[in-house]
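Novice: Chains as they are written, first to last, in the working numbering: chain E, 1 to 294; chain P, 1001 to 1216; chain G, 2001 to 2218.
Think of the hints as simulated: they come from the structure by calculation, not from any bench. The model shown is predicted, which means the values in this text are computed figures rather than measured ones.
List of simulated lysine to any residue pairs, SDA-like, C-alpha gap at most 25 Å:
hint	chain 1	residue 1	chain 2	residue 2
1	P	1205	G	2042
2	G	2144	G	2205
3	P	1205	P	1146
4	E	202	E	176
5	P	1205	G	2114
6	E	71	P	1003
7	G	2181	E	127
For the chain G half of the interface with chain E, some residues (derived, Cβ under 10 Å), not all of them:
hint	residue
8	2075
9	2076
10	2077
11	2165
12	2167
13	2173
14	2183
15	2184
16	2186
Computed footprint of chain P on chain G, listed as stretches where at least three residues anywhere in the stretch have a Cβ under 8 Å from a Cβ of chain P:
hint	segment
17	2062-2072
18	2191-2203
The beta-carbon is built from N, C-alpha and C at its ideal position, and this holds for glycine as well.
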Amino acid sequence: MEQMVLYLKLADHHEERTVKRFLVAAMWVFASGAGMATAVAQESRLDVVMQRGKLIVAVNDSSPPFAFVDKNNQLVGFEIDLAHTIARDLLGDPNKIEFMRVQSEGRFPSVLSGKADFAIAGTTVYTARAARVAFTRPYMDSGLAILVRKDAHVTSLDALNDPKFVMSGQNNPQNAERAARYVPKAKTVWFNSPDDILLALKTGRATAAMTDVPVADYLVSKNPELTVLPDLVEKLGYSNNAIFMKPGDFTWWLFLDTAVNELRNGSNYAEYSDLYRKWFGHNPPPQRFYSSAK
Amino acid sequence: MFDTLRESGWLLLEGTMWTILLSLVTLLLGGVMGFLLALIRVYGVWPLRAVVDAYVYVVRGIPLLLLLFFMYYGLPYMGIDLPTLPGGIAVMSLYFTALMCEIWRGALQSLPRGQLEAARALGMRLPLALTIILVPQAVRAVAGPLVNMAVLIVKSTSLVSIIGLSELTMVGHEIIERTFKPFEILGAIAVIYFSICYGLSRLGKAIEEKVQYGNP
Amino acid sequence: MDISSVVELRFLPALMEGATITVELAAASGLLSLLFALPLALLSMSGKRLLSAPARAYIEITRNVPLLIIVYLAYFGLAVAGSSMSAFACGILALTLQNSSYIAEIYRGALQSVDSRQWEGGKALGMTAVQTFTIAILPQALLKSLPALFNQIVLLLKDTSVISVISVGELLMQSKTLSEKTASTYELFLMVGAIYLILTTLVTLTGRVLERYLSFSH
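Turn these sequences into a full structure, and let the hints guide you.
Specialist: Right under this line is the structure:
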């Protein structure tokens, strides 16, 4: 590159002007193609992380028990602990990690812009999203639970299907779809952040809210005026919460996917169970659905 | 209620400090850069004026939230990766530079044209005329709107939570999700913002009166 | 990231719907603020402490608290008090509460800047204070405040984005909903930015045209 510039500086003669112009054009083509070229020739995120010596992970800061902030302004939660495990297995030290606190609109751009190595932020896998970010296999099930105010005296999902009740939850089309399917007569109100949902329930702006099972359990344990409708997961089905990253980097994806698999099904299952019990109060799904006992 | 405040008080204070720090730096940087841009806008050559115009037009026409988002998450695509604190300061300053430019421009343009002509007639070149005659008068004209701007800056800092800067509003949300006492925390936040902003506007009125003193 | 992947036309209908709500919010609260701010300004300038103190207190409180907090108070606070006003109405209420203060200050500045000799002229002609005010002072003050008023309307348009937190389907809310579904935050925010720019340009242009038209007949 420098040699080309030097040549251009020295080339002063008329005859060489055409060559000069051709080289300038070539440089433009090279520069604009360089973006694509570097993407191909680029080292994997895995190498970048190893060289850097620490992981940069995008997380939520206000969705207990997955990721929230304790009295000392330290991030704690199930997802935080999982991230520490991955840092330990990759770099030898669980604290070689830097957390990037993101809100709902920031989680996809955090990895797409290259600022974070991956994100673990209570994100459910939906096919439309997979067109833009790369998900590993899920690190936990996302089952739906319905929180209700005790003073609504509601004990079933069908009872909520009434125009005098208001259903709320996180603002995404999947929740809107579920509401339309199961409680079409109820009014709906959607929020962008978890504390607004809490505020809505506490002030009566919402009678019920759709949340993840662990979130619902945690909120009920701390807010006595709320309760959970009896287990609806079988009726409403499971979804998957997964880590995601910028697509196109197979090496990095393979590493993270392997890490998640080892947590859920393999060598790290014991640790996974401990964390699961610590934050959710009960055992995780078994390692295998089949028994090899004869 | 006071238990919650007592145990979260330190965190709220920390968040407040970041809010104030961010606001001060933004005010200084925005004020100075806005002044420079205004000079270009009023006295500069046509191509430069057009560039400044376009910049101010775009920045003022889009909500600050979107600008923060673009500058923090969009710039990496062009190879510029800003860490959180400098990034937040840079973005807020760029936004308020545009607003301050308009204020300085208004102040400079409100001065009688005759002054510059008289200075020129005395043989002064533009920089000298500016320093001795025009700018001191412009500063007086700018004092009032500047205070409004300061209040606006403090209130706008709540938006930098989108890029993860732990200022007051973000810290407040984190505490609410830990303690589940939204009313107490939101009330405390409202009082803190009000105190800062009201204090600023009182200070501004005092400065404005002092600056007007002796000015017919 | 070439331009065709950035502008996704399939999002446009929903975004246009959002833009309509944004304009409705801004128009409704703008009109209400313009009306409400005039008595507010007059009260705050009154010589009588009993009248000016509450007005000044109202202005200081609503000006110095972030809009987000006012929105929260209007939506959640009122619910605690038993009201069930819709989110849209709460949004208009919150925007009007703050904007009427800003506009009241604009009115006050404009009224005070009208030459005091106008008052004397009115007296000399035998007009009462009210007559002088309505016929001579007020129109001049309004004309003077036009640039600042249009500036405030632009700010109001941008402030409507804050109302997204209480689940009103304005422009920003629509883009957040869509980006949750498809992870295409960049594309959506770019389109939303462009739409805001178009809206604010329309308002600014209208302001300039109006100013020129009214200045001619002066």
